[in-house]
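S.K.: Per our numbering, the very first residue in the sequence shown carries number 24; after that it's consecutive.
Any given hint might turn out to be false.
Stated by the list, open to error - Here are the computed lysine-lysine pairs in the DSS-like style, where the Cα-Cα straight-line distance is at most 27 Å:
| hint | residue 1 | residue 2 |
| --- | --- | --- |
| 1 | LYS85 | LYS137 |
| 2 | LYS85 | LYS42 |
| 3 | LYS137 | LYS42 |
| 4 | LYS85 | LYS59 |
| 5 | LYS59 | LYS42 |
| 6 | LYS142 | LYS85 |
To be clear, the hints were calculated from the coordinates, so they are not data collected in a lab.
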Amino acid sequence: MAVAVHWVLGDSDLIVGRKIPESGSGTNQMFVRTGKNLRLPNTSEGLEGPTNRDTARAMIEKSFGIQDTDDPAVAAKSEKGRATIRDVTPYLFLSGDIIISRETLLHDLHRPEKARDIKATMPYFLGAVNQTSVLAARRLRQLEAALGRIEREAKAQERSQSLLTQRSIALLTQAEGIGLIAELPSSDASDQLLLDQLRGVAENGVLTPASGDSETRAVLEEERRQLVSELQTLREKRQMLRRTIREAAGYGTAVSGQSHKLKLVEHLKLGDGRCPVCDAENAAGLAMAEQIQNSLTIVAHEVLAVDVMRPRLDDHSGQV
24 MAVAVHWVLG
34 DSDLIVGRKI
44 PESGSGTNQM
54 FVRTGKNLRL
64 PNTSEGLEGP
74 TNRDTARAMI
84 EKSFGIQDTD
94 DPAVAAKSEK
104 GRATIRDVTP
114 YLFLSGDIII
124 SRETLLHDLH
134 RPEKARDIKA
144 TMPYFLGAVN
154 QTSVLAARRL
164 RQLEAALGRI
174 EREAKAQERS
184 QSLLTQRSIA
194 LLTQAEGIGL
204 IAELPSSDAS
214 DQLLLDQLRG
224 VAENGVLTPA
234 SGDSETRAVL
244 EEERRQLVSE
254 LQTLREKRQM
264 LRRTIREAAG
274 YGTAVSGQSH
284 KLKLVEHLKL
294 GDGRCPVCDA
304 ENAAGLAMAE
314 QIQNSLTIVA
324 HEVLAVDVMR
334 PRLDDHSGQV
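Can you build the whole structure from these sequences, using the hints too?
M.R.: Next up, the structure:
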């Protein structure tokens, strides 16, 4: 028992058949015949062109124009519309359930994992495209992808160049500000010119220190040490003045309190020769009055001295 299919394309005929093995066994025998005005035999004994499966596959591929299936670059990736020998099967062999079906046109078309490839290769088998046009379309997509990549790289380089220009102008502006260059380049200067000027500043802008510079540095270092020493002395002096001002403020407060208390006895009339306690004229009372008067005079002088010195100390502290 065998099954066979007769294909006709213009004057070219293709008959493909295969032995149907018994249950539980397999077979590799096929029949392939090409030519003109061929007729499909009525029995399996009439099939011509016996061959194995691999040879039959090559002959079928050649008949259908499928010549690139052995190309690794083509077979490595599925291409939409690119036909292979597997895509020919639904057209070669139609079982009875497919022939009488009102919904399924080709074998495996109802299976989603198979239907995608069958639909994709329909333009090829209908003659709308061929392998050459499919490969050309694939090459076009590759070129479009390469063009897109080149355009993205060009835009990235343009952004990088713009950033390079901004940074170069900023550095040259600083160099012009400190006198390393005479003037800034024009706004339309090329990036190469800007880089050349920056390279010149880096090579010639900073002079190599000489022996005279070392001597000048030593003098400046000595002056720095002297200034630090004077600053330390002034800092200690300022701390001493602040401490003196705090002590003077405390002393002034105490003296002012004593002066306020002693002023309470000013109504005693210490200069009339009488005792400030019993108002009697005697030697003891006169001596007591003199002592009180002397104390008042001393406290008054101390209050006056504090009032005079405090502003001077404050002014001196501010100057330090």
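S.K.: Checking against the hints above, which ones are violated?
M.R.: Checked against the structure, no hint fails, so every one of them is satisfied.
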